[in-house]
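Novice: If you want the building blocks of each chain, they are given just below.
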Amino acid sequence: MKQKRFLKTATPYFFVLPWIIGFLVFTIGPLIFSLIMSFFDWPLIGSPEFVGFGNYIEMFTKDEQFKKSLVISLKYAAIFVPLNMIIALFLAMLITQPVKGVRVFRTIYYIPTVISGVAVSILWGWILNGDYGVLNYLLSLIGIDGPKWLVDPAWAIVAVIIASAFGVGSMMLIFYTDIKNIPIDVYEAANLDGATPARQFFSITLPIITPTILFNLITSIISSFQQVTLVMLLTGGGPLKSTYFYGLMTYNNAFKHHKLGYASANAWVMFIIILILTALVFKSSSAWVFYETEAGGAKQKKGGKK
Amino acid sequence: MKKKLVAMLALTMAATLAFTGCGKKEDGKTADGKTKVRFASWDTAEDADAQQAMVDKFNEQHDDIEVVLEAYGGEFDTKIAAGMGAKDTPDVMYMWNYPAYAGGLEPLDSYMEEEGEGYKDNFYETLWDYNSLDGKVYGIPIGFTTHALFYNKDIFAEAGIDEPTNDWTWDDVKEAAKAIESKTGKKGFSFQMKPDPYDYEMYLWSNDAAYCDEEGNLDGNLNSDKSKEVFQMFQDMAKEGYAVATEKSGTDEFRAGSTGMYVYGSWSINSFNEDGLNYGVVDIPAFKGASHDSVSILSSSGISMSADSKNKEAAWEFIKFWTSEEMNKERIGRELPVLKTVVETEGIMEQPEYVAFYTMLEQSSGYTPASFIIDTWSELSSDLSLSFERVYNPSALEDVSAVLDEAAAK
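Chains as they are written, first to last, in the numbering used here: chain C, 47 to 352; chain A, 16 to 425.
I should point out that these hints are in silico values taken from the structure, not numbers from a laboratory.
Note that the Cβ used here is the ideal one computed from N, Cα and C, for glycine as well.
Heads up, a few of these hints could be off.
Unchecked claim - These stretches of chain C come out as covered by chain A in the derived footprint (C-beta under 8 Å, 3 or more residues):
#1 191-202
#2 277-290
Claimed, not checked - Per the computed footprint, the stretches of chain C lying under chain A, defined by three or more beta-carbons under 8 Å from a beta-carbon of chain A, are:
#3 113-125
#4 137-150
The whole structure should be built from the sequences, with the hints applied where relevant.
Specialist: In structure tokens, the structure reads:
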């Protein structure tokens, strides 16, 4: 009897067990392990040595590159996140229009997301080449002498941002599904009241999709800080370390310079920065994110008055 | 509730243990009692397939040993590093970065001695400089490339000037490059804007300089007059317009026929031949004021044994096979043979595109790259790379002397 009851309560856990094991072994385990490592001078070969907060102290007091890379990553995030969201939203609006062949466009816009990051990097390496790149060729057609994108430190970060905007597809898709979910009668009513398309967008579409905007904002902040593949393959952190992103610095410290403890400390600082930024966004969200379920009552009342 | 949690935890723990348990069971033996040798390679795709075929051949010849190829590809360094950290390194592995990994590798001198005198001597002398550390051999050479001067014969014909020879100095290169630029509008010479500091030291050696002395001091070496002369020469060539600093290796520009000359390893010979490019290869030009002929860096690969290996006898057996004449012949087309006898019997020196690489190999003996001397090379290399870029990047072109003094003072 007792055994039966145990089985009954335990059954659900059996079902989620594979996931729990995966989570413990591949996520929580390494996470905790890296925190421990960050307090050690952990060389590749030989035995680790406990240094307490040594790695963190070194990072904030001695390592010039730490500050530089952090600024580069912040700069990248500050430009990339809003730009990416605007492009994604714009494309999402386009592909919700009832135009012939819209499915084809939807596929075209989404394809870059499916391509592996490595291929994208190589592709953009060719497109952005200063001397025979397609981009500069196109610019030359309209009389602009394009910069040496990947050689001029002033332009390299712009080049990286352009290349990363290529992967806008998944965000576009999320916006798209949400916009599609907005009931058509809302727009019909607005139309009858004589609202222009722009007015409809700002007064109906945008407020309704704010939860999705919040989601995309957070995920893109996180991913912009974690950006490694693209810069590693496209610019290698150069020219003149102008695109030496924080993530790349961490990677190089670990796998190129073999300072595993120091790199773990780098990673944890990044984790905390992301955590703070995410928390700030969440805090602010109550002011601008609109949840239908929460506001439902109030809205109905308003409608009733009219 | 508490009970549930305990049950859940217990279950997870048990399952985790069961999973990790699997990995520990083996003790260097396969199921049928053969000695198992794990062999890690960095090759992928066709190269890895070719290696698998050769491994199969070895396994057929040996009843008591089974070699398992682990093709790590681009993850090679990460995996070897992780393996050494966890004391779970493959028994045999490809190797080039000895300074970083020597701590986990088995010195091979005593193994070689048992093979007799002739064994070591059949390899080109210079190769041992690059497969040893502190006087101990850690890897048996597999392949190498030196660098040499490639030139486009069509461009030289178009400009109506004599083709380079092995006796050329950099002054000759400058003259030819100027002539090419003025007569064809193409760039005469190209060099890398962001050269790998490891490779670049060869120019310093060629001009009687080096990054550091035997103790690893940069100051007075990296920023010596002889060293600055080298950097200044390349920068001037770019400034004066007949040479170009390329974003990548310069191979693309050379293949496209937009530059007349460049210095590079043997890596792209196959693709040049496929393209039908009309090119020639000669020794790296010498510096006029230097006391000796030009010197090349070696990019070399070897095969090493893990210090933790439980089956060292079997591992050595495989290493011997892998570095034998037969295997050297097998690898022609992918690697330059490292055995003198193979170079002779296969007539490698009769193929004009390869001769320069062997001449450079023979005249480059006795130099130790800074990466073998300086413990923190990996970080220094990043710093140097940045310094070189500041000198050669067309948006920077900073003063050579100031940049090198700053780099040496660090």
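Novice: Could you check the structure against the hints above and give me the numbers of any it violates, in ascending order?
Specialist: 3, 4
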